[in-house]
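Asks: Could you slot chain B with the ligand onto chain A? The hints should help.
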Amino acid sequence: MRNTSLNKVHELARRDSRVVFIGSDLGVGTLKAMKAEMPERFFMEGVAEQNVVGMAAGMAMDGLIPYVNTIAPFITRRCYEQVAVDVCVHNLPVRLIANGGGVVYAPLGPTHLAIEDFAILRALPNMAVVAVSDAEEMKRLMDVSLDWPGPLYIRLAKGGDPVISQPTDDFRIGRAILRRPPGRVLMVATGATTERCLRAAEILAAGGVESGVLHMHTIKPLDVGALLSLVPGRDLLVTVEEHLLAGGLGSAVLETLVDAGVSLPKVVRLGIPDAFTREYGSQETMFETFGLTAGQIAERVRTAL
Amino acid sequence: MRQDSPIRQAARQAEARPLDNRSKHLRRLVVEGLLGGGRGHIGSSMSPIEILRVLYDEVMRFDPANPKWPDRDRFILSKGHGCLAQYALLADKAFIGRETLATFCKRESILGGHPEAGKVPGVEASTGALGHGLSIGLGMALAARIQQRPSRVFVVMGDGEINEGSVWEAAMSAGKHKLGNLVAIVDYNKIQSYAFTDEVQPLDPLPEKWAAFGFDAIEVDGHDVEALSALFRGLRYDGDRPTAIIAHTVKGRGVPFAEHQPSWHHKNKFTDDEVRAIAAALEDA
Ligand SMILES: Cc1ncc(C[n+]2csc(CCOP(=O)(O)OP(=O)(O)O)c2C)c(N)n1
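Sequences listed follow chains A and B, in order. Using our numbering, the first residue of the first sequence is number 8, and each one after it goes up by one. Using our numbering, the first residue of the second sequence is number 155, and each one after it goes up by one.
Isolated chain A, as found in the complex:
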C-alpha cells in the first residue's frame, strides 16, 4: 500500500507540475524513480518533522501541492502544532501520508504506533482524515487527492492487505461505501477493520444473523447521509476501529447521530482501550488482544444481540 501510494505521488507529479514530494529521512531507495526524473520536486529532508510540515505549508502557500510522508506518529504527534497552525489554520492543500497507521508497527512499541491519529487530526478544523482498506482503494484515493481543496491525512495500513474494494466503487472523499447491506446489525468500520468486519459478517450469516458493513474510509468529513439512512431500524450498531476508543471513528459516528437527533439502537464500540500497549508481537496478535479479529468481532456482535 505504501509503494502504491508513493508511486501515485510520482504519477500525479507527472500529471501536475504543482505536486512535490517531501520525505523525512525515509527508507533507502524511496521513490528513486521520481527522484531521478524530477529531482527539483523530490525532497528528502532530515529527521525533522516539524520542519518538513512547516516547509510544506510554505510551498502550498505559493501554489504547490506537497505530499509529505513519514511514519504515522511522527507526521501527527511530533509536528502537531505545525499541522494545526501552518497547515490547517491556513487551510492548505498539504497531504500527509502516514506509514504504519494503527498497530502496524506492533513490534516497535508505543513510540511507533498511531492509535490516536484519528482523534487528534479530526479535532483540527479543515483537516480531512482517510484510512482506505487496501492498495487498490489507495490508488482511487490518490487520484482524487489531487483536487481535494484542503489538508488531507492519509493513513496507510500494513501492506499486502486483502483487496476488498471494487473498481466500481466510485470512490469519493467523504462518501462511505456500503460493502454489505445491513440486516439486524450494521457494522461501521474503517481502514484494515473493514475486511475483518466483512469476514465477521460471513461468520454471523452462517449462524443466521444478517449484518451489514459500512466502509467509512473517511473519518472526517464523516458521511452523515449514509449513517442517517442506514442506522434507523437496526437492532445493533457496531463501530470497529484500529484506534483508541477515545475520539476515533466510534466517537465520530455517535456524535453525528446524536447531533442529528437519531434515536440510537443498541451500540457497541470496538477498538483499543485507554492504555498504552503493553506487548509487542504483530498487528495480528494485537488485534487478537483487543478483540478485533473477525471471529472475536462476530462473537461480540452475537453476545450483544
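Do not rely on the hints blindly, as some may be mistaken.
Below are the DSBU-like pairs computed for lysine-lysine, each with C-alpha atoms no more than 35 Å apart in a straight line [said to hold, decoys possible]:
1) Lys273/B - Lys222/B
2) Lys330/B - Lys178/B
3) Lys178/B - Lys344/B
4) Lys421/B - Lys39/A
5) Lys363/B - Lys332/B
6) Lys146/A - Lys260/B
7) Lys363/B - Lys39/A
8) Lys146/A - Lys330/B
9) Lys423/B - Lys165/A
10) Lys363/B - Lys330/B
11) Lys421/B - Lys42/A
12) Lys15/A - Lys421/B
13) Lys247/B - Lys344/B
14) Lys363/B - Lys42/A
15) Lys15/A - Lys227/A
16) Lys260/B - Lys332/B
Derived by calculation from the structure, the hints in this document are not laboratory data. All values reported here derive from a predicted model rather than from experimental measurement.
Replies: Below, chain B with the ligand alone, put in the same frame as chain A:
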C-alpha cells in the same frame, strides 16, 4: 573536498583494526536478539557498541541488583532503535537474563524494538521517537544538582537524530544551566535512514556546532576502547560546561558486508548465508 579533522581521519584508518573478543562477544549478544526477533536495526546497534561497553565496563556507577539506586549514573539511549546494543550490555551486566535476548520483539517479551522504561531494568526512559533523550537527560542532570546527588547523565544520540530541532533546544538549555554532569554523545556513523548524512542533512562542522551551544566538544574514535576510556576518565563532570562527544563510528561495525551500508540500517529478514556470514565475522580470534 571537506577538510576532515585528524581524529576523523585516524578513525577511518583504524577501521582495519580487528575487534577484540569482548567487542565480538557483545555483538554476538546483539545477534541473539536480532535472530530471535527475526528483525532489528542491525547497523544502528553495531555502531555504538564500544561506547556502551566502555561506559558500562569502566565509567558508569550502577547496581544491577538495585537498578533504581538513587545515586546511580543515568544512561539514555536516545537513538532507541539501536536498543539491541543496550540490551546486550544489560544482559552482559545481568540486569536481564541472557535468554531474554532471544525474545526480542515477541508478544510477551520485555524487550521491544525500542527500549521501554518500567519494562526493562536499567532503561531509564522510553525512547524510539528520536530527539527526546537530551531534554530528558537535561532534566535528570538538573534533578541531580537540586537533590545534591553525584549522578552523571550520559545520552547517546544518532547523527540523523540530531536533525531534530528539539536536540538543539536541549543543547542551548544545557549550556545555559552549565551542566558539567551532562554528557551528550553523538554516534557519528555518517549514515541515517535514507542515505549518508552528507546527502540527507550535512552536519559539519559538528564539534563547532556543539561548542557554539556551550559544550566542551571532543572528537574520538568511537571504536577505540582505550581512547574512549581515557576520554571518559579524563572528564571532570563537575565543571560548568556540559560535554559533547563526537564519536566517529562505522554503521554496522563488525559485520563487514553491513559496514557503511545504508541498506543495513534495519532488516526484517536474514538469509541463511547472511546468518552464517555474521556468525563467522564475530567469531573469537
Ligand atoms: C521522531 C522520529 N522520526 C523518525 C523516526 C524514524 N527513524 C528511525 S531510525 C531513523 C534514522 C536515524 O538515523 P541516526 O540517528 O543517524 O541513527 P543510526 O541508525 O544511523 O545510528 C529514523 C528516521 C523516529 N524513530 N523518530
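Asks: Within 35 Å, alpha carbon to alpha carbon, are Lys421/B and Lys39/A?
Replies: Between Lys421/B and Lys39/A the Cα gap is close to 20 Å, so the pair holds against 35 Å.
Asks: Taken at face value, is the distance from the CA of Lys330/B to the CA of Lys363/B at most 35 Å?
Replies: Given that 35 Å is the threshold and the Cα spacing comes to 15 Å, the pair holds.
Asks: Lys363/B and Lys39/A were given as a pair; does the straight-line alpha-carbon distance stay at or below 35 Å?
Replies: holds, 32 Å
Asks: Given the hint that Lys260/B pairs with Lys332/B, test it: the Cα-Cα distance must not exceed 35 Å.
Replies: violated, 42 Å
Asks: Are Lys146/A and Lys260/B close enough, with their CA atoms no more than 35 Å apart?
Replies: holds, 33 Å
Asks: Quick one, are Lys15/A and Lys227/A close enough, alpha carbons at most 35 Å?
Replies: holds, 22 Å
Asks: Decide if the proposed pair is consistent with the structure: Lys330/B and Lys178/B, CA atoms, cutoff 35 Å inclusive.
Replies: Given that 35 Å is the threshold and the Cα spacing comes to 40 Å, the pair is violated.
Asks: Verify the proposed pairing of Lys273/B with Lys222/B, using a straight-line Cα cut of 35 Å.
Replies: holds, 13 Å
Asks: Taking 35 Å as the top limit, are the C-alpha atoms of Lys363/B and Lys332/B close enough?
Replies: Given that 35 Å is the threshold and the Cα spacing comes to 17 Å, the pair holds.
Asks: Do the alpha carbons of Lys247/B and Lys344/B lie within 35 Å of each other, as the hint requires?
Replies: holds, 29 Å
Asks: Within a Cα-Cα threshold of 35 Å, do Lys423/B and Lys165/A meet the stated pairing?
Replies: The given pair, whose Cα atoms are some 17 Å apart, holds under the 35 Å limit.
Asks: Sort out whether Lys42/A lies within 35 Å of Lys421/B, counting only the CA atoms.
Replies: This hinted pair holds, its Cα atoms lying about 24 Å apart.
Violation of the numbered hints given earlier is confined to hints 2, 8, 16; the remaining hints are satisfied by the structure.
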